[in-house]
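All chains should be modelled from the sequences, with the hints used to inform the complete structure.
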Amino acid sequence: MIKEAKFVISNSNPGNCPKPDRAEIAFIGRSNVGKSSLINAITEQKGLAKTSQKPGKTQLINHFLIDEHWYLVDLPGYGFAKVNKKVKDGWEAMISTYLKKRENLCGVCVLIDSRLPPQQIDLEFILWCATEGVPAVLVFTKADKQSKSKTSQNIQAFIRKLENFVEEAPQYFITSAEKGTGKEELTEFLEELVKEYDSGELNP
Numbered sequence: 000m001i002k003e004a005k006f007v008i009s010n011s012n013p014g015n016c017p018k019p020d021r022a023e024i025a026f027i028g029r030s031n032v033g034k035s036s037l038i039n040a041i042t043e044q045k046g047l048a049k050t051s052q053k054p055g056k057t058q059l060i061n062h063f064l065i066d067e068h069w070y071l072v073d074l075p076g077y078g079f080a081k082v083n084k085k086v087k088d089g090w091e092a093m094i095s096t097y098l099k100k101r102e103n104l105c106g107v108c109v110l111i112d113s114r115l116p117p118q119q120i121d122l123e124f125i126l127w128c129a130t131e132g133v134p135a136v137l138v139f140t141k142a143d144k145q146s147k148s149k150t151s152q153n154i155q156a157f158i159r160k161l162e163n164f165v166e167e168a169p170q171y172f173i174t175s176a177e178k179g180t181g182k183e184e185l186t187e188f189l190e191e192l193v194k195e196y197d198s199g200e201l202n203p
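0 is the number of the first residue of the sequence shown in numbering that gives the first Met the number 0; add one for each residue after it.
Treat the hints as calculated values from the structure; they're not laboratory data. Note that the coordinates shown come from a computational prediction; the quantities given were computed from them, not determined experimentally. Just so you know, not all the hints are guaranteed correct.
To be verified - Calculated lysine-lysine pairs in the DSS-like style (CA-CA distance at most 30 Å, straight line):
#  : residue 1 : residue 2
1  : 100       : 194
2  : 144       : 2
3  : 45        : 178
4  : 194       : 182
5  : 2         : 160
6  : 182       : 99
7  : 178       : 2
8  : 144       : 160
9  : 160       : 45
10 : 18        : 178
11 : 100       : 18
Laid out in structure tokens, this is it:
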């Protein structure tokens, strides 16, 4: 379990990220998917990542140091944040540069709203990750907002759609920041990734 998490730096230039001398795992998802809430839930720090009802609150690459050992990174959401095209294009260039060039990145959690049918923008982003060799896993959020059967139905529909584009769908987790669902499994997975990176088994 995560014992300590502290904010390190926010910036808009991937070149200014902290020295890539330790494992790093990024969280990304469509605007308003509940990314900041989930980061706060798994680190057990309510105000660590800034949450907002307004989509697009996260506009920078935010680094948090976990247990003095590895970095958790909160990336800007993609999708319908109400910003002008120039700003949006800037975000997208920043995110793709970070994901493709960050040499110590050993995992990317792509957050998907479990209440919705498959969204094209999520499918396209995961396909982009697969094409670019970005190591992604799926994290379905807000599972407390509807019945388990509805969640399961939406997830299976998403996986089926995804399998039209990629050979094999990534591993996935079902979470609720509010109820703590999936928190333990996801945290264990993140810590396992860090262990593999430390042992040299992972070569991002």
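A quick look at each hint next to the structure:
1. For a cut-off of 30 Å, the pair hint linking residue 100 to residue 194 stands: about 21 Å separates their Cα positions.
2. As the CA atoms of residue 144 and residue 2 are separated by approximately 28 Å, the hinted pair is consistent with the 30 Å bound.
3. Taking the CA atoms of residue 45 and residue 178, the gap is about 14 Å. The hint holds against a cut of 30 Å.
4. This hinted pair checks out: residue 194 and residue 182 have alpha carbons roughly 18 Å apart, not beyond 30 Å.
5. About 38 Å separates the Cα atoms of residue 2 and residue 160, which puts this hinted pair outside 30 Å; it is violated.
6. About 27 Å separates the Cα atoms of residue 182 and residue 99, which keeps this hinted pair within 30 Å; it holds.
7. Between the alpha carbons of residue 178 and residue 2 the distance comes to roughly 19 Å, so the proposed pair stays at or under 30 Å and holds.
8. The straight-line distance between the Cα atoms of residue 144 and residue 160 is roughly 23 Å, inside the 30 Å bound, and the hint therefore holds.
9. Between residue 160 and residue 45 the alpha-carbon distance is near 35 Å, which puts this suggested pair outside the 30 Å criterion.
10. Among the hinted pairs, residue 18 with residue 178 is inconsistent with the structure: their alpha-carbon atoms are about 35 Å apart, more than 30 Å.
11. At roughly 13 Å between alpha-carbon atoms, residue 100 and residue 18 fall within 30 Å of each other, so this suggested pair holds.
When each numbered hint is compared with the structure, violations occur for hints 5, 9 and 10.
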